[in-house]
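Line by line, the protein sequences are chains A and P. Residue numbers for the first sequence follow this note's numbering, so the first one is 1057 and each next one is one higher. Residue numbers for the second sequence follow this note's numbering, so the first one is 128 and each next one is one higher.
Think of the hints as simulated: they come from the structure by calculation, not from any bench. Just so you know, not all the hints are guaranteed correct.
As the list claims (entries may be wrong) - Stretches of chain P that chain A covers, calculated by requiring three or more beta carbons in the stretch to come under 8 Å of a beta carbon on chain A: (1) 228-234; (2) 358-368.
Said to hold, decoys possible - With a Cα cut of at most 27 Å, we get these calculated BS3-like pairs of lysine-lysine: (3) K220(P) with K1385(A); (4) K244(P) with K220(P); (5) K321(P) with K293(P); (6) K158(P) with K317(P); (7) K1063(A) with K220(P); (8) K317(P) with K1063(A); (9) K148(P) with K253(P); (10) K148(P) with K158(P); (11) K244(P) with K158(P).
In this text, all values refer to a predicted model and were calculated from it rather than measured experimentally. Note that beta-carbon positions come from the ideal geometry of N, C-alpha and C, so glycine has one too.
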Amino acid sequence: MNTTSSKIILYVGILAVSIVAPYLFPAYALQLAILWIMILFALTWDAMGGQMGYNSLGNIVFFGVGMYISAVAQIGLYFDVGEYTSAYGAIKVDFDYGQYFTGLTLGVIAAAFGAMVVAVAFGRIVLGLRGPYFAIGTLGVALSAGELLGAWEWVGAGSGISMPVYPGDPDDRSLLFYFMCFAAAAATFFFYRWLYTTRFGLALNAIRDDEEKAEAMGIHTVRYKIVNWAMSAFFLGISGAIYGNMIGFIEPLEVAFPTVTFGIFMVLMALMGGKGTLWGPVVGATLFHIIKEVTWTHLLGWQWVALGMLVIIIVVYFPQGIMGWAHDKWPDFFGIEVEEAPAEDIEEAA
Amino acid sequence: MAGMIEIRNVSKAFGGVQANKDISMDVPEGKITGLIGPNGSGKTTLFNSVVGYHPINEGSIRFQGREISNLRVPEIARLGMLRTFQQTRIYGKMNCVRNMLISVPHRNLGWADLFGKQYSAEDMDKAERLLEFVGLYAKRNLLAGELSFGQQKLLEFAMALMNDPKVLLLDEPTAGINPTLINGLIDRLKRANKEFGITLFVIEHNMRVIMNLAEHIYCLAHGQMLADGSPEQIRTDQRVIDAYLGAH
Ligand SMILES: Nc1ncnc2c1ncn2[C@@H]1O[C@H](COP(=O)(O)OP(=O)(O)O)[C@@H](O)[C@H]1O
Ligand SMILES: [Mg+2]
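Can you make the complete structure from the sequences, with help from the hints?
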């Protein structure tokens, strides 16, 4: 079987499973929707960490920013935001279908572009940092974003915001959000699949391998770093908007800027699956999410210990991740050459 | 004979270390100019100043008549002045062909080129011809990081050629290269100069190599200009002989 047809079968298979899954297992629709968000997380993290070598610990900030932007847009369209939030959910608004979907559409779009703007603004500062300084700097940004929003009364401060209530049937609602998450993750995947075939993708890899060399070769490193961050912020902003609406209630620390959970998971998932590969983040996110959902509640107080062990196992035994390991094991399948082509010998030619 | 690079009274200190002091030199267009001097005499520092790696304390550096001492590394590179590194730098996790493809001249790349295909047919053709030129064609699909040090130096040279520079600053191109390959490399440097019309400015520790290569040689010692002249003049200059003997 050639690789093109096996790839088509793979994509069609995933598509079919993805479409029927929420109908077959309606009770798990939310968990499956979150799986798509996790895949989006890992893909956008890897664009920075895996492809460009900038290990961000703060990408979650765009998720949270997107979530808040969509909330403000959706509510602000029909209400005074300050009044709505100061009622702490006492104002129960009945949005009709038209209002709800107008708000949701607008909210998602505003979240995507708003997160991008934030990425460009922060990027000018933190993308000047290298290595561990960048990781710590971005972590600082994420932690302070959560604290800042927690102190901002207009958006409900620490008590958060109740999102507009879906006007229809709860089963339809869960399908709606499942398919929104699916579409967002699929769009992200195909976007990066394309991006990594462009010259831009090559430039990202060059920056990862040796940024100083890339500068010396005249590559617009600053421009590429900022654009790459803004693109991952775009998708993270969308995911934040969808997630906030899906959960129905947002607040700064646990939902919008969960730095030590989602923020760290996105790094782990990409590392586990294999950073710097297209499929690695997808495989890593899927495995991680399944393992975590199956074991998390049984681990009682030991979740964080188990997570720590997982980190150690990945870093020590699978530093390349699952896909990296597969690349090493079956290079032919992935079209990687490890031997020189049988042409003239270099020593002779020299 | 137009001056491609004009260095005037350049000084550079690192804290108390005066790495370059009042250096002036000219790199004429179309020629091969050499820069020699004992270890620690300030050769690499001068290269770094010229390509914008660090600000200079005093003096002026002009490239084709334009003052560049206030420009940053990528800007100067896009003007057509490129350097290779003494320690050799390539993109280790990319294969040789990809190393070449991303080394196209970036001065004329717009957004549309960026989000277009990784390369045009001409780019690929040129990349393969240049890999052939340096003798790495057979290794083109290997990861650059897996090549030997000498092969990485050759790749770095090919990447520089891919960029169509007007002038190429080479920092010890033969250091660490198998002696049996050095003659081949000298030949290629000369061909890059003659056939591709690239002005070369070469730091070299190996006297035999630089005598064979350069038309005009500058010699630094302790951060200062010691002597300059033709290879013959430099070879017989007592100050140069003393500096080299004194350094060993
Ligand atoms: N970044 C730096 N910081 C401090 N000192 C430096 C730096 N770069 C070079 N030097 C010093 O400047 C002097 C010249 O070094 P260099 O230009 O590398 O010499 P060369 O290339 O001729 O061997 C040396 O004394 C070196 O230690
Ligand atoms: Mg040096």
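Hinted pair, alpha-carbon criterion (27 Å max): K220(P), K1385(A). Please report holds or violated. Holds: K220(P) and K1385(A) sit about 17 Å apart, inside 27 Å.
Three residues minimum, CB to CB under 8 Å: does the region 228-234 of chain P make the cut for coverage by chain A? Let me know. holds (count 6)
Checking one constraint from the list: CA of K148(P) to CA of K158(P), max 27 Å. Satisfied? Given that 27 Å is the threshold and the Cα spacing comes to 25 Å, the pair holds.
Restraint status (C-alpha distance of K244(P) to K158(P) at most 27 Å): Distance of about 36 Å is beyond 27 Å: violated.
Given the hint that K317(P) pairs with K1063(A), does the C-alpha gap stay at or below 27 Å? Roughly 49 Å between the alpha carbons, so the hint for K317(P) and K1063(A) is violated.
Please count how many residues of the region 358-368 of chain P have a CB within 8 Å of a CB from chain A and say whether that reaches 3. Result for this restraint: violated, n = 0.
For the pair supplied as a hint, K1063(A) and K220(P), confirm whether the alpha-carbon distance does not exceed 27 Å. holds, 25 Å
Within 27 Å, alpha carbon to alpha carbon, are K321(P) and K293(P)? The given pair, whose Cα atoms are some 12 Å apart, holds under the 27 Å limit.
Restraint check for K158(P) with K317(P), where alpha carbons must lie at most 27 Å apart: It holds: about 10 Å lies between the C-alpha atoms, which stays within 27 Å.
Does K253(P) sit within 27 Å of K148(P), going by the straight-line distance between their CA atoms? Given that 27 Å is the threshold and the Cα spacing comes to 41 Å, the pair is violated.
Are the Cα atoms of K244(P) and K220(P) separated by 27 Å or less? Since the Cα atoms of K244(P) and K220(P) sit roughly 20 Å apart, the hinted pair holds (cutoff 27 Å).
Against the hints set out earlier in the document, violations occur for numbers 2, 8, 9 and 11.
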